[in-house]
Amino acid sequence: MLLIHCPYCEEERPELEFRGAGDAHILRPTNIADISDEEFEAFFFLRDNVKGLVYERWRHIHGCGRFFNAARDTVSDKFVTTYKAGLPRPDLSPAPKATETTVETYEATEGVAG
Amino acid sequence: MAEQALRKAPLGGFNGGSAAAHVSAAAPATRLSLRAAPDAVAALSKALGLDLPTRPKTSASAKGQHALWLGPDEWLLIDEQGADLAAVAAKSGVLHSAVDVSHRNTAILVAGPKAAQAIASASPHDLSASAFPVGACARTVLGKIEVVIYRAGEQEYRVECWRSFSPYAFGVLAEGAEDAAH
Ligand SMILES: [Zn+2]
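Line by line, the protein sequences give chains W and X. All letters in the first sequence, in the order written, are residues 1 to 114 by the UniProt record's numbering. All letters in the second sequence, in the order written, are residues 1 to 182 by the UniProt record's numbering.
Don't take each hint at face value.
As the list claims (entries may be wrong) - Using 35 Å as the maximum straight-line C-alpha spacing, the simulated DSBU-like pairs for lysine-lysine come out as follows:
| no. | chain 1 | residue 1 | chain 2 | residue 2 |
| --- | --- | --- | --- | --- |
| 1 | X | Lys46 | W | Lys84 |
| 2 | X | Lys144 | W | Lys78 |
| 3 | X | Lys8 | X | Lys63 |
| 4 | W | Lys51 | W | Lys78 |
| 5 | X | Lys91 | X | Lys63 |
| 6 | X | Lys91 | W | Lys84 |
| 7 | X | Lys144 | W | Lys51 |
| 8 | X | Lys8 | X | Lys144 |
| 9 | W | Lys84 | X | Lys144 |
As the list claims (entries may be wrong) - Calculated from the model, a selection of chain X residues having no Cβ within reach of chain W, i.e. all distances over 10 Å:
| no. | residue |
| --- | --- |
| 10 | Gly16 |
| 11 | Ala19 |
| 12 | Pro28 |
| 13 | Leu70 |
| 14 | Gly71 |
| 15 | Glu80 |
| 16 | Ala87 |
| 17 | Ala90 |
| 18 | Ser121 |
| 19 | Ser128 |
| 20 | Val134 |
For the record, the hints were derived by calculation from the structure and aren't laboratory data. Every residue gets a Cβ at the ideal spot worked out from N, C-alpha and C, and that includes glycine.
Take the sequences, apply the hints, and build the full model.
Written out as structure tokens, the structure is:
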């Protein structure tokens, strides 16, 4: 089971207490009534679904109840860091970038069972 | 025909577990789901007569009344004497949200040398002594339901769950307590 660090509880807690809530840092347009259907679709439905580092909203729903943000790697499922809602994306510039050549074997992502 | 509906405790008479961890239904208590911003905490604490905890997983207790930290602006208050907690909180005169959940919740007491193991049989929460000392509390999961666990003593835990889930919670804990004895 994954342990996820909740920035409000200030400790790692079991993943069963959490629920994912989609991409983070999606800004609602301030002129929502004026934008075209296509622009609304892009804001509301279209996500990048990248391979590698993503910024997501998570909720400690069976814990403190708070929403927070997480930087997570979609290849390894590793949580790189978590931070409070409302804070800007953390600078993770030297973060490894997933490429097409990333090998996705069980051993590479989970380690060899001991 | 009955003149009046009789009050029936959700786990009336339930008793189980093992010598390692005894599982029983807690006595009725009043409960309040309290939410308030940081600037209201001092006045609410004064009205309640106990300092609302502001650190994660901590609680405050005085004279059968307990305030459990659930989130940065959320507490579960429990009064074993049955005080009207919403009325007490209202005396604070500051903005807050108070919902009486006395009958939404019921509690199961797990006590004994292996009480923590009995709960841990169905909960992923870390109940080890260093992570969960006496007085610690947390909302978490137990099997398929959400619960609030409060460590009332060295070998005593109070598991708060929703009333309709209580037979399930009791079964899970009693089973865990029997396993913990082996
Ligand atoms: Zn939390």
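Now for the hints, and whether the structure bears them out:
With a C-alpha separation of about 30 Å, the suggested pairing of Lys46 (chain X) with Lys84 (chain W) holds against the 35 Å cut-off. For the hint linking Lys144 (chain X) to Lys78 (chain W), the alpha-carbon distance of about 25 Å falls within 35 Å, and the restraint holds. Using a Cα cut-off of 35 Å, the hinted pair Lys8 (chain X) and Lys63 (chain X) holds, with the two alpha carbons roughly 26 Å apart. Restraint check for Lys51 (chain W) and Lys78 (chain W): the C-alpha separation of about 13 Å stays at or below 35 Å, so the hint holds.
A C-alpha spacing of about 19 Å is found between Lys91 (chain X) and Lys63 (chain X), which places the hinted pair at or below 35 Å, so the restraint holds. Proximity of Lys91 (chain X) to Lys84 (chain W) is assessed by CA-CA distance (about 33 Å); at most 35 Å being required, the pair is judged to hold. A hinted pair counts as satisfied when its Cα atoms are at most 35 Å apart, and Lys144 (chain X) with Lys51 (chain W) qualifies at roughly 32 Å. For the given pair, Lys8 (chain X) sits about 25 Å from Lys144 (chain X) by alpha-carbon distance, which is consistent with the 35 Å threshold.
A C-alpha spacing of about 28 Å is found between Lys84 (chain W) and Lys144 (chain X), which places the hinted pair at or below 35 Å, so the restraint holds. Here Gly16 (chain X) stays apart from chain W, with its beta-carbon at least about 25 Å from theirs, past the 10 Å limit. The Cβ of Ala19 (chain X) lies farther than 10 Å from every Cβ of chain W, with a closest approach of about 29 Å, so its non-interface assignment holds. With a minimum CB-CB distance of about 25 Å to chain W, Pro28 (chain X) clears the 10 Å threshold, and the non-interface call stands.
A Cβ of chain W approaches the Cβ of Leu70 (chain X) within 10 Å, the least distance being about 7 Å, so the stated non-interface status is violated. Its beta-carbon lying about 4 Å from the closest one in chain W, Gly71 (chain X) breaks the requirement of being farther than 10 Å from that chain. Interface exclusion of Glu80 (chain X) from chain W stands, the closest Cβ pair being 25 Å apart, more than 10 Å. For Ala87 (chain X), the shortest C-beta to C-beta distance to chain W comes to about 25 Å, beyond the 10 Å cut-off, and the non-interface label holds.
No Cβ of chain W approaches the Cβ of Ala90 (chain X) within 10 Å, the least distance being about 24 Å, so the stated non-interface status holds. At roughly 14 Å, the least C-beta separation between Ser121 (chain X) and chain W is larger than 10 Å, which holds for a residue marked as non-interface. No beta-carbon of chain W is positioned within 10 Å of the beta-carbon of Ser128 (chain X); the least distance is around 13 Å. Under the 10 Å C-beta cut-off, the non-interface status given to Val134 (chain X) relative to chain W holds; the minimum distance is some 18 Å.
In terms of the numbered hints stated before, the structure departs from hints 13 and 14, listed from lowest to highest.
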